[in-house]
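Going line by line, the protein sequences match chains R and G. Take the position in the first sequence, starting the count at 1, then add 19; the result is the number in my numbering. Take the position in the second sequence, starting the count at 1, then add 1004; the result is the number in my numbering.
No lab work stands behind these hints, which were simulated from the structure alone. Where is the CB? At the ideal position from N, CA and C, for every residue including glycine. Errors might be hidden in some of the hints.
[As the list claims (entries may be wrong)] FRET-style restraints, in silico, Cβ to Cβ:
{"hint": "1", "chain 1": "R", "residue 1": "229", "chain 2": "G", "residue 2": "1038", "range": "41 to 49 Å"}
{"hint": "2", "chain 1": "R", "residue 1": "290", "chain 2": "G", "residue 2": "1140", "range": "37 to 45 Å"}
{"hint": "3", "chain 1": "R", "residue 1": "296", "chain 2": "G", "residue 2": "1204", "range": "29 to 37 Å"}
{"hint": "4", "chain 1": "R", "residue 1": "290", "chain 2": "G", "residue 2": "1213", "range": "16 to 24 Å"}
{"hint": "5", "chain 1": "G", "residue 1": "1018", "chain 2": "R", "residue 2": "417", "range": "45 to 53 Å"}
{"hint": "6", "chain 1": "G", "residue 1": "1213", "chain 2": "R", "residue 2": "352", "range": "34 to 42 Å"}
[Stated by the list, open to error] The following residues of chain R were derived to be distant from chain G, with all beta-carbon distances above 12 Å:
{"hint": "7", "residue": "194"}
{"hint": "8", "residue": "225"}
{"hint": "9", "residue": "260"}
{"hint": "10", "residue": "455"}
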Amino acid sequence: MKTWPLRWKLALFAALLAIVATIAGAATTWTVMRHEEIAAFDRRLTTDAQELFRDVEHFQRDPHTNPSAFQEIFVPLALRNRVIEVTDAAGHTLYLSPGLREPLSSDGISEFHTRKIGGRTIRMGEFVQNGMTLRVGADLKEINQIGRDIFHGMLVAVPTVLIVIVIGSRWVASKAVAPVEEIRQAAAQITARRLDQRLPVPPTRDEIAGLIEVLNAAFDRLQRSFEQSARFSADASHHLKTPIAVLRAGVEEILADADCSPHTQATAEGLLQRIHQLNSVADTLLLLARADAGRLDLHQEEFDLSELLEGVLDDARALAEPLALTVESDVPSHLPLKADRVFVGMIAQNLLENAIKYNQHGGRVRVIARAVNGSVQFSVGNSGAGIPKERIPHLFERFYRGRGDERVAGSGLGLSTAWELARAHGGDISLQRADTDWTELNVSLPRAA
Amino acid sequence: MHILVVEDEVRLARHISRALINAGHDAVVLHDGESALKAAGETRFNLIVLDIMLPGIDGFEFLRRLRKAHIDSRVLVLTARGELTDRVTGLALGADDYLAKPFAMQELVARVSALGRRYSEKPPLKLQVGDLVLDLTNNQLQRGDRRIELSIRELTLLRVLMREPGRVFTRTELCEKVWEREHEYDMKLVEVFISRLRRKIDSPPLIHTVRHLGYTIREEP
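Next up, chain R with everything else stripped away, as it sits in the complex (with noise of 0.2 Å):
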C-alpha cells in the first residue's frame, strides 16, 4: 500500500472513515431511539395498569357482579395480550392471563425492568394500588423490530455512502495531489543543463505556493554550488597549467643552452620528467574534480573497441618487452561502441599499465574482450604476486596502491580514475579474480552509454 498513489491512499482513508462514522451514528441513533421507545412502553404499560385499576374499582361496585371475587371481565380488551398478574394482599393470586402457565416468580422488583419469560423478552412494570397488586408485562417484540430496521436501513445505507466516498474523496485527492503532479513534472524538467530554470510560483498564499518557493531557494543553491564546481575546476586548472608552462619552459631553455654542463643537463632532464609527471597528476585530479561535481562531459562517438584495444596491446607488448612478460589477447574483429573514446583508451591504458607494472619478470598478462547482450566486457589480468585479501574493498580508492610497493611508479590514481570514468559512462570494472598468482580486473560498458 506504501507504493500507492496518494489520492486511492487518501481515497481509501476518506472511505474507512466514511465507515465507522456511519456505524458510530448508527449505533448511537440505536441506543438513543431504543432508551425513548422503552420510557413509552413503560408510560403505555402504566395506562394500562390504571385502566385495570379503574374497571376493577368500577366493577367491584357493580351490583351484579361478586365484589369480592376476581374476574376475567374485569380485564379490560386492551390488555388481553399482556402478561398480567393480580395478586391481593396477602399474596394469594387472583387472575394469571393466559399466556401465563404459573405465578411469576416474585423478584422484589418493583419498578420497571425487563425479564425473559418463557423463551420470550418481557418488560414487566408492578403497580399496587386497593390492596391489589398488579404485575403487567408486554413482549419487547415490537421495540426490537426497530433496531432491526435501522440493521437493514444500514446494510443498504453503508455500500452506498462508500461507494459516493470513495469515487467522491478520490476526485478530491486528485484535486489536491494535482498541483504537487505539476510541482514534479516542473521539477524534473530542471536538470544539470537547465539548472537557471525556476518552478512557477502560484499567486495563492497556500501550502503549495509556500513548497515552491522552499523548492526554488533550493534550486538556487544548488545552481550555486554546481557553478562554483565548474568554476573551480577551470580555475584549478589555470592556476595550476601556468606555473607548470612556466616551469617546463624555464628548464627547457637550460636544456637548450649548448653553454651549460652536462651535470645541469642530467638535472634538467631530471627536472623535465618530475614536470611531466607533476603535469600528469594534476591532469587525473582534475578529471577527478569534474567527475566528482557531476561534469564529466562525454564526447561520445561510434567506434571500434577491438581497433581501440590493438593500439593500447601494442603500447603492453612495447612496455612488457624489458620485463620479458607475454602479452596474450582473444579480442573480436570488431567490437562496436558508442562511448567517449579517449575515456574508455584511459580506462584501457590504466588497466593494462597496472597489469604491467604489478607482474613480476617472465610473467603473463592477458586482455580478453567480448559482447556480452547489450554491454561490452573486457578483462585484463595478470600473473602478479596477487592482491592482500585486506586491501580488496579499498581498490579503487584514491592514492591507494594495491601492494603498497614504492617501487612501483605511479600516482595510486590509475584505478579510481578508470573506475569513475566507466561509472560516468553507466558501466563498472570489477575484481574478478583475487588468487596468489592471478589478478584479473573486469570493466563493463554499455553499448550505448
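With chain R held as given, fit chain G onto it using these hints.
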C-alpha cells in the same frame, strides 16, 4: 610573422616571446585583454597567441569581440586542459588552433609556423620521404621494393612524422597526436616506438633525433 602574445603570466609571456623571436618572428607582448584588443584593432597581426584566463576581458570574450570587429588574424589559444571542455568544445570559439599548458616551446613555435602555411594543400593519398612510401589508402609501407609490416601505433606515428618531413616533433606533440593524451608512460612509449620504427625502416636512417627537442623524418642528413 607579426605576432601578438596575450598572456598575463609575465614570465611565461617572456619565454614565449623569446622563443618566437629566436624563430625569426616579431612578437609584441601584452598582459590583459583590454589593451590587446586595442592593439589588435590598430595593427594587423598575422597571429595572436591568446591565453584563455585573463584579468578583465577573458580569452573567450576577447575572441568574440575580435571576430565581431572583423579582425581576421589567426588565433592560437593557450589553455589549461579542462577550461575548454567545460565551456566550449573544440574550436567552436573561433580560434584556429589550441595548445594545452604546459607545452614545449618548440611545439609552440612549430604550431605557429604551421598556422602560417595552413589550409593550402589537399590531403595527399601517398606520403613519401626518400624511397620510403606510405600509401594512405591501404596503409601499406614500402622502402624501395621491400614491403614493411607495421603495428597500429607504429603506423600512426610514422604517418604523423611523414605528413611534415623535416619538421621537428617534440615528444609531447607526438604523444598528443598518436596517443591523444599526455602521460608519464607515453613519453617512454614515444622512444620505444621510434626505435621500433627505426629498426624496421632505417638503412640508411630517415628518422633523426634532434637533441632535447624531439624527432624528425627527412632524407639527409
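Hints, one by one, checked against the model:
| no. | hint | result |
| --- | --- | --- |
| 1 | R/229 - G/1038: 41 to 49 Å | holds (47 Å) |
| 2 | R/290 - G/1140: 37 to 45 Å | holds (39 Å) |
| 3 | R/296 - G/1204: 29 to 37 Å | holds (31 Å) |
| 4 | R/290 - G/1213: 16 to 24 Å | holds (20 Å) |
| 5 | G/1018 - R/417: 45 to 53 Å | violated (37 Å) |
| 6 | G/1213 - R/352: 34 to 42 Å | holds (37 Å) |
| 7 | 194 | holds (45 Å) |
| 8 | 225 | holds (41 Å) |
| 9 | 260 | violated (3 Å) |
| 10 | 455 | holds (27 Å) |
Checked against the numbered hints given earlier, this structure breaks hints 5 and 9; the rest are met.
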